[in-house]
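There are 2 protein chains.
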Amino acid sequence: MTPSSKALVPFVSVENMMRLVHHLGIETVLRDLADHIEEDFRRWELFDKTPRVASHSPGGVIELMPTSDGALYGFKYVNGHPRNTRSGLQTVTAFGLLADVATGYPVLLTEMTLLTALRTAAMSALAAKHLAPRGAHVMAMIGNGAQAEFQSRAMQAIVGIDTVRLYDIDPVATEKCVRNLAGSGLCVVRCGSPEEAVEGAHIVTTCTADKQYATILSDNMVGSGVHINAIGGDCPGKTELAPAILKRSSIFVEYPEQTRIEGEIQQLEPDHPVTELWEVISGKARGRQTPSEITLFDSVGFAIEDFSALRFVKAAIQGTPFSEDLDLLADPDDPRDLYGMLQRSAAVSEA
Amino acid sequence: MTPSSKALVPFVSVENMMRLVHHLGIETVLRDLADHIEEDFRRWELFDKTPRVASHSPGGVIELMPTSDGALYGFKYVNGHPRNTRSGLQTVTAFGLLADVATGYPVLLTEMTLLTALRTAAMSALAAKHLAPRGAHVMAMIGNGAQAEFQSRAMQAIVGIDTVRLYDIDPVATEKCVRNLAGSGLCVVRCGSPEEAVEGAHIVTTCTADKQYATILSDNMVGSGVHINAIGGDCPGKTELAPAILKRSSIFVEYPEQTRIEGEIQQLEPDHPVTELWEVISGKARGRQTPSEITLFDSVGFAIEDFSALRFVKAAIQGTPFSEDLDLLADPDDPRDLYGMLQRSAAVSEA
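Chains as they are written, first to last, in this note's numbering: chain A, 1 to 351; chain B, 1 to 351.
In short, the hints are calculated from the structure, not lab data. A couple of the hints might just be wrong.
Unchecked claim - Simulated crosslink set (DSSO-like; lysine-lysine; CA at most 27 angstroms straight-line):
| no. | chain 1 | residue 1 | chain 2 | residue 2 |
| --- | --- | --- | --- | --- |
| 1 | A | K284 | A | K247 |
| 2 | A | K129 | A | K49 |
| 3 | B | K284 | B | K247 |
| 4 | B | K49 | A | K49 |
| 5 | B | K247 | B | K6 |
| 6 | A | K247 | A | K129 |
| 7 | A | K314 | A | K49 |
| 8 | A | K314 | B | K129 |
| 9 | B | K314 | A | K6 |
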């Protein structure tokens, strides 16, 4: 008795996600992800938007991030546990699901730890494409943890940077990053301080992991014309930038209701003006207006980006061997006969 | 390159859930589920309780139901699409996940379509154990759909009923139910009307599927001393009982904030007195007080019951072959080296 096709949900394991990325090439994946996000940001208004549903505990947070465009429904499960690395675990792990709104049936289950790193990088690069100064080709990467190489490769593939200037409080992290970016075509520069890293950079990306008010960038480190891509401040109490920088910047956000709680702008008054990035992407608002302006993308990660990433995976696995069918849904011949299905399965397994 | 044990999450497919039920026996499963729910209802106050997160569409609803006891976090994905049966699909499908709060790592992924039917039946029987009149042994089962046999078997295993009186607007559903309950030890009576079904019944269970204000039970059908187990009214606009019955009954609910929106009591004033079932189970409130009282369990299903069911499955599969390991979590040797893991996997797959 094999389950019918209605019972089966395509599942993309970590192994298969890696195979898919190698099959397509990471640059193509990052560009395709950015395209899917851009498409969804253009139709932002039709999405069902709710802030994430968070369950906080002393060690971290577990979140569910649902959204829907009316035809598909998606959600991501994601945790954030800063102390996990001490026991050899990931700070952030994630998986996601896409379902058909008309029937409620899941149509894709996938790992999202890798996929989130990829979509976060694609999102950053998409924002930089719209906000960074013309001709930007040098990025400072402050914080050389799990996100750093993905950020660098996305900025290379989508914005066209050719140089990354790396700094981390832990030189081992920087060495790992240098090693991983060898052969990428990027010119990689090790820096001994954040000040050194930002020298000559057109884009400054901050991505550090401490859950506390930190000042990774102080006011005097940020010159005119720079685009700041602030990734690490993404939950209450966790910020990376000095408030003075925020006050000098034009600030762009994903979803203000969420960013005011979780982003860098939690340090500002609740009515401090910000521009929603979807408005820039869809031509309803202006992005960078002068070459000397400081633009800041206060990134916290929003459910629609995960939705776009899930859509990308669903399309990308078609006709490939990079998914397996999971017997996740009970599918009796007669939908009202769930008990009969259970009974008949006993007869079969005893036979 | 096989994933490390940290990457793997035990997964219980529909097939394996059926095997597990047959391995243990359905009576044992129902009793164990009721025991797990009872345990969790006794420590109700320590749970993180939020109403379900619902995404409504013209065809139905998709919901996420999260909760946590501080050590474990669980959520259920569940849809409700009444028109699904027309295209041979289940009205309700579900899956669930349990995670370790300390690390955020998932520890169990399981089908929950079957498991929800089992836990809903166990919950009904647990409520009846505390509320039904002493010596109750006859149940009317109005609505003979997917839940009917599970409800009957749970009332048999946990409350000790010996007779079910079946009625459905569709005689085919009743025949299916009669067929499935043959050999269960229950005396099964086909009835031609709801009025006939409730004759002599100590417990009346209603479980019909229409998403509209319906009156499955009218006032004159409910005599004194009866316990009503109302399952079908479980979302806004969907009710089964005449308001007059509610006004004559002592009403018991799972979580008032949710039941006032979704349950039968959405027909009453928002301050109509109700008793929380956990208070009865933990001895803080009285259940049935007189033999002539009408008790009503206005059941909508709450996240804690799913949490109990997930705990049950996690314990029950230990040492059995009824789960498989899913490569759901990326697990690099160095948690900060997600990109390196991806790179090295290419080298391996090319080799």
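| query | Which numbered conditions among the earlier hints are violated in the structure presented, ordered from lowest to highest? | reply | Checked against the structure, the hints that fail are numbers 5, 8, while the rest are satisfied.
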